[in-house]
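A.B. asks: Single-letter residue listing:
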Amino acid sequence: MGSHGIKDKVAIIGVGCVPFTEHWEKSLDDLIIDGAQATYGSAGIGQDDVDAFWFGTSQSAASGLAMGGPLKIHGKPISRVENYCATGSEAMRQAAYAVASGAYDVVMALGAEKVKDGGYQGLNAFPIPTDGTQRTLTAAAMFAMILPAYAEKYDLDVDEIRYAVAKIAEKNHYNGARNPLAQFRRETSAEQICQMAAVAGRLSVFDCAGVADGAAGVIMCRAEDAHRYCDNPLYIKALSFVAGTGAGSLDPDYDYTTLSECKWSADDAYAQAGVTDPRNEIAVAEVHDCFTPTELVLMEDLGFSDPGEAWRDVLNGDFDLDGRLPVNTDGGLKSFGHPVGASGLRMLYEIWLQLRGHAPSDRTMADNGRSLGLTHNLGGYPGEMVSFVGIYGTELG
Amino acid sequence: MLETIAPRPGALVRGIIATGTHLPHRRLDRAAVAAFFGKGGGTGTRTVASYDEDTTTMGAEAARAAVASTPDVDVAALWFATASPAYLEKTNASAIHATLRLDASVPAFDFGGAHRSGIGAMRTALLAGPTTLVVASDARDGLATSADESHGGDGAAALLIGDDTAGPVIAEFIGGASVTDEFLERWRIPGGERSRTWEERFGEVAYAPLMRQAWTAALADAGLAAEDIDGLVVVGTHRRAVIRNLRSLGVDPDRIGDDLSSTVGNTGAAHPLLVLANAVEAAAPDQTIAVMALADGVDVLIFRTTEAIASYTPARSVASQLTSGAPVEYATFLSWRGMVAVEPPNRPLPNRPSAAAAHRRDDWKFGFVGSRDRGSGMVHLPPARVSEKGGAVDDMDDMPMADVRGTVASFTVDRLVYSPSPPVVFAVVDFDGGGRVPLEVTDVDADEVEVGMRVEPTFRRLYTADEIHNYFWKVRPLRGADR
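Chains as they are written, first to last, in this note's numbering: chain A, 1 to 397; chain B, 398 to 880.
Since the hints were made in silico from the structure, they are not lab data. Computed from a prediction, not measured in an experiment: that's the story for all the values here. It cannot be assumed that every hint is accurate.
[Stated by the list, open to error] With a straight-line Cα cutoff of 30 Å, these simulated DSSO-like cross-link-like pairs (lysine-lysine) come out:
1. A:K26 with A:K153
2. A:K263 with B:K786
3. A:K153 with B:K436
4. A:K26 with A:K72
[To be verified] A few chain B residues that don't get close to chain A, going by computed Cβ distances all over 12 Å:
5. P504
6. V725
7. G803
[What the hints assert, rightly or not] Pair ranges (Cβ atoms, derived):
8. A:G69 with B:L875: 31 to 41 Å
9. B:N743 with A:D225: 43 to 53 Å
10. B:S773 with A:E152: 23 to 33 Å
11. B:T521 with A:E152: 47 to 57 Å
We put the beta carbon where it would ideally sit given N, CA and C, even for glycine.
Only chain B is shown next, with the shape it has when bound in the complex (with noise of 0.2 Å):
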């Protein structure tokens, strides 16, 4: 007997307040794989991460949009789900959180793992406690040729979570289910170089009763019939399984919303809250949207739309970020992938960053925060003691300059510094409201670049050395609208 999850009668309204999504700029034509081995791929694209982002800083991006979407709901707690971490044993949540200026008395947890950690650190969050940003990142491979490799994304989806004492909730949860079962259908050891899968059949034999039981117990505890969904996306890595048994949960083929299959990949434990966002942020009110998860068994969420979607506009919508991509040559995503060895230049690999010195900074290294001389008003990047202009010392404001746009004032194209993916544009940014800093430009084509052009700071990893990660902010161009 599958125990209710719906809210019960005179509860809070809860459910999501914010979305947040972080897709990377390239994409990969899947054609390009049989263009070059004679086998694999297929048609439509796929996400790629570019080779200074990680789970880590794609998480963040996602939730940096989430918080920017309505800046005065506090965060309580911070949850991060991945199957790809960048690091175990240290939390990589408190990365995030860094880059968020969260208080120091916010929590921020891995679920870790498993596919199945997003969806479960949703249901989780939306089952009760705090209001908490539920984010989730993946970034998805495979062997040459491999289903995995045309068929996997990488991208982050952020869920603001919370009753509407925190803020206007625009979807809110009015049941689920979660059916939970052993079989190896997927798998992949710590290290190893690719997932494992058993005989296709096997899995989708095992998910169609689980599909099924599923979706009945969650209707139910909704107090739905499958007529009542608007609209319903079904995920998940098996994806004959996902196919083959959708006709039978009994929804209108008009109302199966975009699973981001041919755009985006399946995003592993991130896309069910992508996808859930992307249906959400397109929502009218009073609508019931539905999102299907199969891995390791099968979850189940409902949420029905509220007035106050109307009037919410994400920061960074799944809509704008799918039409302002660019594509990336096959032969590019297999060295930045690590699947091909390329020779660097001939320069020292880069240090290792100081754990000690790092952490006396990290409110620039992590939340791009400088300073502002109080007398002159200038803005110090990075942050200073002592005042360019005037000489004052220790009499500064924090000026946060994560979310602050800026112009290029003057670019160059490096081709003899280390990169792992040269040449490197660098270019000196002046902010809005004063600032500047030479910064790295990313997700751009050297060509592209020029003096006046919008860029906005993103977070990245510049490089890993002797197994430390270092993380800090570039800039990326502004696109389309958000120019």
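Here chain A stands alone, though its shape is the one from the complex (with noise of 0.2 Å):
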């Protein structure tokens, strides 16, 4: 297979994030112009010093334009980017390759993404001409198939394993509650959440991260350059990307209680990575928590815990904060809801605090010895996805 990634070419020199909340009050460009200020005080530098920008949005925008109009961007080029709930990780994706490739010297990826304009409930689908067929069902129902089919293969009660991921959203808003940045920071706990109204499966809605608007950034260079922007850089040490045939809504051996893509782009990453062992490597790490069940059967897939036992790991506590591998410690997709473009770098925000000790102290990791940290971004449903996995680390080799 000819991945062999790039691991400690790319240097990250900064990262920003602006609060995730339904803005009314503030436009497309105003999030653009926020979000790209934050990035650029967090690596001290200005815009001219940036060579090349990729702009990560889903529905908000079309062409690079959408980016260069606000923020005033003369003569460079500006790539726009999408893939589905991904697009985040995949603007960073691309501009990591452009340093790498040494065509550039600095570039930035910056993902916002306005969908509260829309006036409706939800993440809606972008309208695109068809002859009708397709399938109409909510990603909420499409993963709340997790559960049911979990249950089965392990033979498990299905209403412990409810409740299992009952508590990874327990878990996510007691690390929101303590994140400026947030739009929800109220702690909530496993057992309210299981007397709520289902909305789709078992789940409720405290089951599925919300709606909001947000802009997230990052700037890179080469790993040799860090030293002139930065005394605590990031080094990338694997970007995995796999997109899949959409092959579980169509082969009758898919089961629902893995996400092979996620599987496969973890393992890509390992490997460009050179990690063997992610359990005892892994310091800590954010993963797309679209829907509780989702980063229950993530653990697995990420390699985090065997199958079959997330449920039982997830109960023990060790993807809490102060667990064996705190999982989104900055309170996920669960607290912050799901700006499409900025989801994948408000995660890389947080591994960037995380490893370098600039977490605020009420949600700062206990320190377990590793230097590795993961960002997992994923779009599309259960059987029909693409899947981001990124590892970053404070030290090169």
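Got two chains here, each in a separate frame; can you build the complex from them with the hints?
C.D. replies: Structure representation (structure tokens):
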């Protein structure tokens, strides 16, 4: 397989993130400007220092002009990038390769999404003319199918698994309550969540990520130039991306207990980074908790739990802030909502804080002696997904 | 002087080769109307089309059932009669033609607009022509508490008409008569809110001599006396005219067949075909069966069942559908019928389907035809050009799935998605012999669905957007004897 990675070739020298919420008073242009300012500020550079831009947005705009216009970027390349809910990470990935290729010295990837101007509940599909036969069920309904499938496969009580995924939401809200950038900052208990009305399968509204506007960005340069900008950069160890064929909705062998594309992208990322024992090498992870059952099976697909054991590890507190491998220490999609273009970069922002010891004290994870962070960003549905896994470290080598 | 239509001596045996019917799953208990409004309704039930059915989809289901009963008989023409067409100007029969995957050389025509169109199409097919699948379908409505609301019914029937060179005729046409009169007993203008009728006594009196005249002429045409009739079913939207004049026809009350008025209601253009199918499906060989329909005159058709009927099994009998229905709440009925506007979920309305995209894929959209990769054998739903297993390009065969049964591998109840009648149950269906696709489950209560449930494809209207009906397939549970 010809996926070699660009380990240690690219440094992250700044990451910025704006508060994620229903920004009734802010337009997409405002989010882009605020996100860019936060990112330039983090890197300590100005807009003119950036040689090339990648703009990640799924439904809010088309063309690089949508970023160049409000920011008044003169004479520079700007690519608009989209890959479903992995858009933010995809923008970073493309920008990183541009630096690694030597084509540019300093690059920026910015993700922004203005979801709340549409007036509808939820994230709704971009209207493309079709023959009318496409299925219409919501993402919540598709991911809800994981619960009974997981219980069935491992011969577990579905109520207990439902409780376990509610504990995931409880964990993420605990963390989000300690994050001034998060949309939801109230703790919620698993018991409360289990009592809420179901909206899709067994899932309640609180098992689903919310909808928010937001923006986040990253600035990167060649690893050997990082010291010009930053005393403690992060180095990219792996960038992996897998797009599926939609086989899960086609192939009777798919059983809804695993997200294959996520597993393949994780395996490729670990190979690029030289990670052979993720549980004992990854210090902290930000994963795509669009729905609570998603995070459950991701623990297994990312190699943090054995197959069929993630529910037990969740109940054991393994992924809590003070657990053996903290996951979604910033509160996750659960607390932030999901401005599609920005989410992957918001994840990177938390890794940027945690690995460098800059997270607020009430959200700082315990030092477990490991120095690698992981972001996982997916788009699509069980059985038909794109998945991104990035691995970052504070040290070269 | 009424022209004779009985077959001439030496003519081929012509008549009914197959029967197919569709009764919607839901039933309204007529007592619910009076319970809510304090008046109206009655006893018994009426059939209620699901929010995802219309006259075209019901007609397609009846047509498919008829063809499935005698799959080796070639359909050479398809006629579709309804008084409530889904489209004007555009032929509705062509959608049914597409679900049956008939050859392009088989004509598909609408006989539209009147309740008489059903029996009219049947009579015309019986007199001459190619092997014709006559499909009739209707959905009946009225203002709340009206007689039409309670005594109308929704349903479709399809009769495959031909001579015995095409296939075994199970009920031979032996004669009939038709009397036409112009009088304004019942009418509706296009786009009208409801049917209108003149005072009841007017129609009752007007139909009486027409019934006697048509009956006398039909018996003479067939060379029979009233005592020779083994079964007669009289139908019409004017219930009193039917009931009051029945006895004057001289047929023993024991031989008056079920008009389905207490279980189904009157299904308009479909009703003469529906009650005839029901009578034929229960008949033994060598029985004389007649149907009389009151609509802008009176039509009578008389049949004699043949030996072949002893070995005829309908794919979906009327009797089996009568026993496998489920109730619908009156409130749900009113909202499905648009009598009460209910708040939809705050989601964008669906987009209209693209006519160009739909035409490219009409075998999938209307015929539910997937593809099977020759090398790996993997079934692709929807059809694909590149195989998921092995990656071969353009090495696929057509895989018709409309008559294939499946099993629910997983499912979910979606309370967020837009639907004319939430919540929506989606199931991942694994089909017998291969193939998987996520589909909506219809004709079911959310709490009935379970993994392992057996289902079959059913043709439905998903929604209407920008005055375009979006047709496609869902699955429904196999019930009763079908399982």
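A.B. asks: Taking the hints in turn, state whether each one holds.
C.D. replies: Verification of the supplied hints:
no.: 1; hint: A:K26 with A:K153; verdict: violated (46 Å)
no.: 2; hint: A:K263 with B:K786; verdict: holds (19 Å)
no.: 3; hint: A:K153 with B:K436; verdict: violated (54 Å)
no.: 4; hint: A:K26 with A:K72; verdict: holds (18 Å)
no.: 5; hint: P504; verdict: holds (25 Å)
no.: 6; hint: V725; verdict: holds (23 Å)
no.: 7; hint: G803; verdict: violated (10 Å)
no.: 8; hint: A:G69 with B:L875: 31 to 41 Å; verdict: violated (58 Å)
no.: 9; hint: B:N743 with A:D225: 43 to 53 Å; verdict: holds (50 Å)
no.: 10; hint: B:S773 with A:E152: 23 to 33 Å; verdict: holds (27 Å)
no.: 11; hint: B:T521 with A:E152: 47 to 57 Å; verdict: holds (56 Å)
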